[in-house]
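Same order as they appear, the protein sequences are chains A and B.
Quick note on numbering: my numbering labels position 192 of the first sequence as 192, and the sequence is numbered without any gaps.
In my numbering, each residue's number is its place in the second sequence (first place is 1) plus 249.
Please note that the accuracy of each hint is not assured.
Reference excerpt, derived from the structure (chain B facing chain A, CB under 8 Å, subset only) [stated by the list, open to error]:
#1 Gly-289
#2 Trp-291
#3 Phe-407
#4 Leu-433
#5 Gly-588
#6 Phe-595
Covered, in the sense of this in silico footprint (three residues per stretch, anywhere, with C-beta under 8 Å from a C-beta of chain A), are these stretches of chain B [to be verified]:
#7 364 to 371
#8 375 to 385
Quick caveat, the hints were computed from the structure, so don't treat them as lab data.
For clarity, every value in this text was computed on a predicted model and none was experimentally measured.
Glycine included, every Cβ here is placed at the ideal spot set by N, Cα and C.
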Amino acid sequence: MDMKDSSPASARRTFFTQASAGVALLALAPGVRLVDLALARVQDEPASATQRWGLLVDVDRCVSGCDACVSACDTEHGLDGNERPQTDAQWIRKVDLVDNNTEHQLSLPVMCQHCEEPPCVDVCPTGASFRRADGIVLVDKHTCIGCRYCMMACPYKARSFIHEDLTGQKTHAPRGKGTVESCTLCVHRVDRGESPACVEACTDAGHEALVFGDINDRNDPLATQLAETTTRELRADLKLNTAVRYRGL
Amino acid sequence: MKIAYFQSVSSSRGYWLISAIAGVVTLAGLLGAHHMENAGHWVTGMSNQVVWGVPHVFAIFLIVAASGALNTASIASVFGRDDYKPLARLSALLAIALLSGGLAVLVLDLGRPDRLIVAMTHYNFKSIFAWNIFLYIGFMFIVGIYLWMMFEPRMNRFSARVGTAAFIWRLVLTTGTGSIFGFLVAREAFDSAVMAPLFVVMSLSFGTALTLLIGMLIFWINGAAIDPALAQKLRRLLGFFVIGVAYLVAVDHLTRLYVTGHHQLERFILVDGGIYTLLFWGVQILLGTVVPAILLLLPRFCQRGYLITAALLVVVGALAQVYVLIIGGQVFPLELFPGYSVTSTFYDGVIAHYTPSLAELALGMGGMGLAVLVTLIGVRILPFVPVQMAGENQD
Ligand code: SF4
Ligand code: SF4
Numbered sequence: 001m002d003m004k005d006s007s008p009a010s011a012r013r014t015f016f017t018q019a020s021a022g023v024a025l026l027a028l029a030p031g032v033r034l035v036d037l038a039l040a041r042v043q044d045e046p047a048s049a050t051q052r053w054g055l056l057v058d059v060d061r062c063v064s065g066c067d068a069c070v071s072a073c074d075t076e077h078g079l080d081g082n083e084r085p086q087t088d089a090q091w092i093r094k095v096d097l098v099d100n101n102t103e104h105q106l107s108l109p110v111m112c113q114h115c116e117e118p119p120c121v122d123v124c125p126t127g128a129s130f131r132r133a134d135g136i137v138l139v140d141k142h143t144c145i146g147c148r149y150c151m152m153a154c155p156y157k158a159r160s161f162i163h164e165d166l167t168g169q170k171t172h173a174p175r176g177k178g179t180v181e182s183c184t185l186c187v188h189r190v191d192r193g194e195s196p197a198c199v200e201a202c203t204d205a206g207h208e209a210l211v212f213g214d215i216n217d218r219n220d221p222l223a224t225q226l227a228e229t230t231t232r233e234l235r236a237d238l239k240l241n242t243a244v245r246y247r248g249l
Numbered sequence: 250m251k252i253a254y255f256q257s258v259s260s261s262r263g264y265w266l267i268s269a270i271a272g273v274v275t276l277a278g279l280l281g282a283h284h285m286e287n288a289g290h291w292v293t294g295m296s297n298q299v300v301w302g303v304p305h306v307f308a309i310f311l312i313v314a315a316s317g318a319l320n321t322a323s324i325a326s327v328f329g330r331d332d333y334k335p336l337a338r339l340s341a342l343l344a345i346a347l348l349s350g351g352l353a354v355l356v357l358d359l360g361r362p363d364r365l366i367v368a369m370t371h372y373n374f375k376s377i378f379a380w381n382i383f384l385y386i387g388f389m390f391i392v393g394i395y396l397w398m399m400f401e402p403r404m405n406r407f408s409a410r411v412g413t414a415a416f417i418w419r420l421v422l423t424t425g426t427g428s429i430f431g432f433l434v435a436r437e438a439f440d441s442a443v444m445a446p447l448f449v450v451m452s453l454s455f456g457t458a459l460t461l462l463i464g465m466l467i468f469w470i471n472g473a474a475i476d477p478a479l480a481q482k483l484r485r486l487l488g489f490f491v492i493g494v495a496y497l498v499a500v501d502h503l504t505r506l507y508v509t510g511h512h513q514l515e516r517f518i519l520v521d522g523g524i525y526t527l528l529f530w531g532v533q534i535l536l537g538t539v540v541p542a543i544l545l546l547l548p549r550f551c552q553r554g555y556l557i558t559a560a561l562l563v564v565v566g567a568l569a570q571v572y573v574l575i576i577g578g579q580v581f582p583l584e585l586f587p588g589y590s591v592t593s594t595f596y597d598g599v600i601a602h603y604t605p606s607l608a609e610l611a612l613g614m615g616g617m618g619l620a621v622l623v624t625l626i627g628v629r630i631l632p633f634v635p636v637q638m639a640g641e642n643q644d
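When you get a sec, could you build the whole thing from the sequences and use the hints?
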């Protein structure tokens, strides 16, 4: 039940980490790389704080009217809905923006930002909301009492409460009436070494507006892009150090 | 001075009538809660936009009032004012009763009320919500001991000390309740430095109004009346509390306008927020503040009828105030993209809609019913009501 300590490691990414570390080992000072090697994860290890999974949204590439990421998320997690938009769950949503001064139009997805200092986790009375060592913020559906305090606290409106009975749930996405849920960053896929469903869908649609990866791994494409371009957090004033960053905003 | 003696309320038609009404209201609340849990919260007005609704309005009102209800007992034992003693026991009982009503509503509104045991066994000590669970349970415990000290003649000498502990505990409790909102950093409506003092004064006002109303009801059932001199003291006290709340409400809005710069939110609440503006000016300010302040503070309105009217209006205004605070604070959209106009499928950038359903209204009212019911049961089995008012016997 305690998902905090039992999630299997990412095999493929671990492989890459080890492989790249191995290459670097040959090129760089051995002492430094040995530390990295020791920190690399193997499968079945708990989520490790050496990693921090994150997402970059390239707003310039995101297409208005496209909702491939949203549909992929709904399919992946069985978010069918009951045609009641006020109460149906939405883990990821497309937001359309118009600049008040220039009328410049933008379109981008918003989901749980996987805050490093998550207000939802701070306020949760039972500890059901928690942050995994690798930065993914989740809800333990067994201890959530459905108080919705986390929804009040989340600055991004990222969470949904399950307002009615559900059918057709997926085994990898446990959900239940009366509890709160939000984007899991497709933790089940990440732990298998895959990227989240939304990222894959966006790439398949040819837009490549979403980049997933390990912020802490200097060799990861995400970390490289974050290092090379200007990106921003939503509500940066709150200093939550989100793992989801936006470029072109 | 002579100490009044106390007795339990005897069986009478009035007693059973009021008990029946309170029982029916409580039952309706349970049915409402059952419906909500069975069908899921979609049968309420609550949604992913407005996650806390009318049940929370009633729950917060009752919890805040509970701590204020103890005020009469505090004045008697902490500040040594014997003239308040006749109502001390009743006010402590009311504190427990109101808190039970509020907590029952809060628990029954949970998505998973069946997991109450989880809430009791899993604590996140960073969460102010978890701390509040301790504060509430501790409050019941201390007030229980306090009552025992008052009931048991041999223990009377400790009642001042326990009373002081209860007094401090309830200040912390109200601050804790206010802090539930203070921690919601992202929501402009709750981003206010005066939230904690505001809640303390609100508790005094709501609690005193309910002490007067329920107190008079119990006395009426018992075929007596509250000592007029004491009623007048409570009347003036309530008048000052109402003014105190109004003052902090003004400070709250002014800071938001001139210090934190939440202009749009202020415009929404004060000018063009539809039902929320109406509730604020019409019910909270006019009916709940101005009219009762006049009735409570001008000597010419000292008759009992005016007092009851004023206390009722304070309660109505209080509910409107909590409604505007909790619901109004949620329907106003979170600002994620300053400088942009925003649209989405998830109601970003728009004022959310909220209309309470019958089930949730019943649940909220049920909390009130339960509070009255607990009081009625208490006064029936234990000697809470003074037979002779101390005031009458004073030299
Ligand atoms: S975005 Fe909201 S739900 Fe996600 S971690 Fe931050 S506060 Fe929690
Ligand atoms: S709704 Fe569940 S996850 Fe959210 S604060 Fe309450 S118990 Fe925690």
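How the hints compare with the structure:
Taken as an interface hint, B:Gly-289 checks out: its beta carbon lies about 4 Å from the nearest beta carbon of chain A, inside 8 Å. For B:Trp-291, the suggested interface contact is upheld, since its CB lies about 4 Å from the closest CB of chain A, less than 8 Å. Among the interface hints, the one on B:Phe-407 is violated; its C-beta lies about 34 Å from the nearest C-beta in chain A, farther than the 8 Å criterion. At about 5 Å, the closest approach between the beta carbon of B:Leu-433 and any beta carbon in chain A falls short of 8 Å, and the interface hint on this residue holds.
Taken as an interface hint, B:Gly-588 checks out: its beta carbon lies about 6 Å from the nearest beta carbon of chain A, inside 8 Å. Annotation: B:Phe-595 was flagged as interfacial toward chain A, and the flag holds, the nearest CB pair being 4 Å apart, inside 8 Å. Look at the region 364 to 371 of chain B against chain A: 5 of its residues bring a Cβ nearer than 8 Å to a Cβ of that chain, three or more, so the hint holds. Coverage of the region 375 to 385 of chain B by chain A holds in this model, with 6 residues showing a Cβ closer than 8 Å to a Cβ of that chain against a need of three.
In this structure, the one hint that does not hold is number 3.
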